[in-house]
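*Asks:* Start from the sequences and build out the full structure, keeping to the hints where you can.
So the protein lines, in turn, are chains F and P. Take the first sequence: its letter number 285 is residue 285 in full-length UniProt numbering, and every next letter is one higher. Take the second sequence: its letter number 97 is residue 97 in full-length UniProt numbering, and every next letter is one higher.
A portion of the hints provided could be inaccurate.
Sample of chain F residues at the chain P side, in silico, Cβ under 8 Å [said to hold, decoys possible]:
#1 49
#2 53
#3 54
#4 102
#5 281
#6 284
These aren't lab readings, by the way, just hints derived from the structure by calculation. C-beta atoms are modelled at their ideal positions from N, C-alpha and C, and glycine is treated no differently.
Protein chains: 2
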Amino acid sequence: MNLKDIAKLAGVSSVTVSNVINGNHNKVSKETIDKVNKIIKEHNYVPNATARSLASKKSRIIGVVLPYVGMDEDFSRSPYYTRILALLENYIRQQGYYMMIRCTGGCGEVIPLFNTWNVDGMIILGADKREVKEIIGSIRVPVVFIDTYAESKIANIGIDDYKGGYLAARYLLSKGHKHIGYAGPGIDSPGVIGNRIKGINDALAEKDLHLDKDLIFEAPTNYEDGIELGKKIAFASKKITAVVSMSDVLAFGIMEGLHLSGLVVPDDISVIGFDGLPECRYTTPHLTSVSQNLSRKALLAGEYLFKMIKDKKKIAVNEIVDVEISEGESVRTIRPN
Amino acid sequence: MNLKDIAKLAGVSSVTVSNVINGNHNKVSKETIDKVNKIIKEHNYVPNATARSLASKKSRIIGVVLPYVGMDEDFSRSPYYTRILALLENYIRQQGYYMMIRCTGGCGEVIPLFNTWNVDGMIILGADKREVKEIIGSIRVPVVFIDTYAESKIANIGIDDYKGGYLAARYLLSKGHKHIGYAGPGIDSPGVIGNRIKGINDALAEKDLHLDKDLIFEAPTNYEDGIELGKKIAFASKKITAVVSMSDVLAFGIMEGLHLSGLVVPDDISVIGFDGLPECRYTTPHLTSVSQNLSRKALLAGEYLFKMIKDKKKIAVNEIVDVEISEGESVRTIRPN
DNA sequence: CTGAAAGCGCTTACAG
DNA sequence: CTGAAAGCGCTTACAG
Numbered sequence: 001m002n003l004k005d006i007a008k009l010a011g012v013s014s015v016t017v018s019n020v021i022n023g024n025h026n027k028v029s030k031e032t033i034d035k036v037n038k039i040i041k042e043h044n045y046v047p048n049a050t051a052r053s054l055a056s057k058k059s060r061i062i063g064v065v066l067p068y069v070g071m072d073e074d075f076s077r078s079p080y081y082t083r084i085l086a087l088l089e090n091y092i093r094q095q096g097y098y099m100m101i102r103c104t105g106g107c108g109e110v111i112p113l114f115n116t117w118n119v120d121g122m123i124i125l126g127a128d129k130r131e132v133k134e135i136i137g138s139i140r141v142p143v144v145f146i147d148t149y150a151e152s153k154i155a156n157i158g159i160d161d162y163k164g165g166y167l168a169a170r171y172l173l174s175k176g177h178k179h180i181g182y183a184g185p186g187i188d189s190p191g192v193i194g195n196r197i198k199g200i201n202d203a204l205a206e207k208d209l210h211l212d213k214d215l216i217f218e219a220p221t222n223y224e225d226g227i228e229l230g231k232k233i234a235f236a237s238k239k240i241t242a243v244v245s246m247s248d249v250l251a252f253g254i255m256e257g258l259h260l261s262g263l264v265v266p267d268d269i270s271v272i273g274f275d276g277l278p279e280c281r282y283t284t285p286h287l288t289s290v291s292q293n294l295s296r297k298a299l300l301a302g303e304y305l306f307k308m309i310k311d312k313k314k315i316a317v318n319e320i321v322d323v324e325i326s327e328g329e330s331v332r333t334i335r336p337n
Numbered sequence: 001m002n003l004k005d006i007a008k009l010a011g012v013s014s015v016t017v018s019n020v021i022n023g024n025h026n027k028v029s030k031e032t033i034d035k036v037n038k039i040i041k042e043h044n045y046v047p048n049a050t051a052r053s054l055a056s057k058k059s060r061i062i063g064v065v066l067p068y069v070g071m072d073e074d075f076s077r078s079p080y081y082t083r084i085l086a087l088l089e090n091y092i093r094q095q096g097y098y099m100m101i102r103c104t105g106g107c108g109e110v111i112p113l114f115n116t117w118n119v120d121g122m123i124i125l126g127a128d129k130r131e132v133k134e135i136i137g138s139i140r141v142p143v144v145f146i147d148t149y150a151e152s153k154i155a156n157i158g159i160d161d162y163k164g165g166y167l168a169a170r171y172l173l174s175k176g177h178k179h180i181g182y183a184g185p186g187i188d189s190p191g192v193i194g195n196r197i198k199g200i201n202d203a204l205a206e207k208d209l210h211l212d213k214d215l216i217f218e219a220p221t222n223y224e225d226g227i228e229l230g231k232k233i234a235f236a237s238k239k240i241t242a243v244v245s246m247s248d249v250l251a252f253g254i255m256e257g258l259h260l261s262g263l264v265v266p267d268d269i270s271v272i273g274f275d276g277l278p279e280c281r282y283t284t285p286h287l288t289s290v291s292q293n294l295s296r297k298a299l300l301a302g303e304y305l306f307k308m309i310k311d312k313k314k315i316a317v318n319e320i321v322d323v324e325i326s327e328g329e330s331v332r333t334i335r336p337n
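*Replies:* Take a look at the structure:
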């Protein structure tokens, strides 16, 4: 069954059928519309999307790019990406578009991939500054980045990482903690981490404190590395009373590592995470975390993308979604003695 | 840049370029191949996938269908689906195919969707018996189901649900539990749940026990409902000492509900989950669970699908992946007094 | 409001 | 080994 068949059955031309399907109702009479629709329904006809895409140069496909670590990795390692992905799927589906997803180490390799499919737009998660130029230079469709810091004119949806770091440290300080540790990627990483570190430092500085070099624990933000980090922290300087972790998943690992080392959270040491995932409630004690509004991030990403697609012009914008402390029970109050 | 441009630059016909791109090396001389490839590389040419798909009637797209609950739901609610999805993405990507995903309430609505894109194959998660007929009746490409019970001749990858139920109950019995509860979807659901229930009952029967009606707690398998269920269980018959939950996420909720009610797991009550997700290690105590090998399920699904695609014929098969108890600390040993 | 013609960028037989 | 021709199933101006 194709357009021509339907046209023949309806006694009209393919053009007319095409106009009916595409809702160009100003070009077709009411009766013709009804007649054609009836035949379409009777025969369960669905237009061929590849032919449509080829002819119209639109695909209704949105390409979504997720970062991955190695060939054997999969994105489920990161509940954060998973959640965003699910939210985007929902949004894209409700727009009547299709979602094509791809994990990749370098966004460069993804460009030919999506060019090949004439995607109407792309959403790229966690790209770094260097990749951005390569991407926007060679892609003509609208792109929205999530969590990317770049000088270039791009549409980006991020969070207030500085404030996140600041709030985490302030929260711990307000609970009487003075010797605060850091756990996460190398503290000299630019962008996301750099800004959080700055926030932490500024909060500490207000109390004439600073991040002690001995209390900086660097590791990738996943569960397994978290366990190792937890063990290290357990045997580190005795004065440490709290740790700021750069992700919830890392924090889960840290809590486990501390537990395995015989320490109790929060009695012996407090932990605060970052992201505020639903999984924070799976742990005992529940993880206190700097919570970001993922629904809002996904919503904004979708809205900007479709606005660009509909208006056919790019938007340069940097939307910063607010963060807040979501309290669990993993931070204890130290009484000033 | 299109085929024709490349052909012109290389001084050959489009057919020849096409043959080079598609690796029909027996049809082109070595020198021509090199010449054409050089030009392709120089100009960063990528073939237009929609045109290819239209002409060849192959798309290299695999459609993946996930079940969802309501319009506002997203699949991240279920770490189980998320994990499978991530594993499938990895497999599909490594085959050089594209993955298009879709959440849906009824698989019926997904048929026109994927027909429209000429997908080369589909993987459908958690379809129920009634949907199967509708799907296989109206789709011509290879389909692999995951976790589906059906009489029809289909390719399905499942787990040994009966054994899972049996092992869970046996495990609890071996620890001295006699009053065992059930938590999960309605126990008269056919398929997955029905078989697990049967396994539980058979294990209990071996000890002249049975599932007590008072100890059956029905709810959808998600965290929030789990909390409510945990509270109910806490105030249920005093004799209950252990609960078998039909999913890990539900079990997490139950543990939380019990905790909120002042009960301690496993001291006051033991809990065993189902799935064996990595998240089992996030809880304190770690959740003991009937663990299924998700990597293997995804691998088998991928292998069967691509075998069907390559051999161009359907396979009827029901692969049952083994399950085993993955021990955490959420089940206590009751001393016979 | 309706349709004939051209074209989107490929691949598929087929002929040489 | 190479290429001319036809066709995949649509949409896009354009003419009426």
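*Asks:* Does the closest beta carbon of chain P sit nearer than 8 Å to the beta carbon of residue 102/F?
*Replies:* holds (7 Å)
*Asks:* With a cut-off of 8 Å on the beta carbons, see whether residue 53/F makes it to chain P.
*Replies:* holds (4 Å)
*Asks:* Does residue 284/F pass the interface check with chain P, least Cβ-Cβ distance below 8 Å?
*Replies:* This hint holds: residue 284/F lies near chain P, its Cβ roughly 4 Å from the closest one there, short of 8 Å.
*Asks:* Can we keep the residue 54/F interface hint, with Cβ of chain P closer than 8 Å?
*Replies:* This interface hint holds because 4 Å falls under the 8 Å limit.
*Asks:* Quick one, is the residue 49/F hint okay against chain P at 8 Å, beta carbons?
*Replies:* Hint on residue 49/F: holds, closest Cβ of chain P at ~4 Å, below 8 Å.
*Asks:* Does residue 281/F pass the interface hint, meaning its C-beta sits closer than 8 Å to a C-beta of chain P?
*Replies:* This interface hint holds because 7 Å falls under the 8 Å limit.
Checked against the numbered hints above, the structure breaks none of them.
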